[in-house]
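Whenever a hint applies, use it, and build me the whole structure from the sequences.
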Amino acid sequence: MKLIAGVLMAYLLGSIPTSYVVARLAAGIDLREHGSRNLGATNLYRVLGLKYAVPVGLFDVLKGAIPVLWIAPWSGDSPWLPVVLGAVAVLGHIYSVFVRFRGGKGVATAAGVVAALAPAAFAASAAVWILVVWISGYVSVGSLSAALFFPLGVLLFGPQDERILAVGIGLALLIVYTHRSNIQRLLRGTESRLRHKQAAS
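So in my numbering the end of the sequence shown lands on 467, straight run, no missing numbers.
Worth flagging that the hints you see were computed from the coordinates, not collected in a lab. Glycine included, C-beta positions come from ideal geometry on N, C-alpha and C.
Label-pair ranges, simulated between beta-carbon atoms:
{"no.": "1", "residue 1": "Pro321", "residue 2": "Ser447", "range": "25 to 33 Å"}
{"no.": "2", "residue 1": "Tyr443", "residue 2": "Pro345", "range": "21 to 29 Å"}
{"no.": "3", "residue 1": "Phe367", "residue 2": "Ile401", "range": "29 to 37 Å"}
{"no.": "4", "residue 1": "Lys268", "residue 2": "Gly436", "range": "21 to 29 Å"}
{"no.": "5", "residue 1": "Leu324", "residue 2": "Tyr361", "range": "15 to 23 Å"}
{"no.": "6", "residue 1": "Val363", "residue 2": "Ile449", "range": "25 to 33 Å"}
See the structure below:
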């Protein structure tokens, strides 16, 4: 029973559409109708600015870390529970029941999962993200690069755990999938670079 409750809690926590709620409360807008139309911290930054995007991004990270660190131990003692519930939270963020299963791209919540599972590999991946975004100006390229680097980071920096490696590979592939429209725009040369917020209209 606790296992079922744990899965449900991880999904519902991941499903909280933070950027949607903040955009509604702060500006009375539906973020899905502005900017890139994505429910994520990057789009919130473009539309409403850094002061809203930073706390939203941090909360989205916590949505991934909490299932790994607290919900999983409460739910049972299987060593697979932290990685499974972390992955469930990411799926909740992407396919949120609260916004008709049209959520974000899962990067921040996945970051929370891997930070809790493998801090050193996460730190290396975060450094990759910062470097790539700084050089290219594309958040999407940074996110893809960091996600794809993480499994290598696990092999290099540990922990040497097949479960963490498996979820790292799975999340990397999922993030590539959620960024398929970004990849198409990159190939066409129409992807937006990181820039200051645009006024919502």
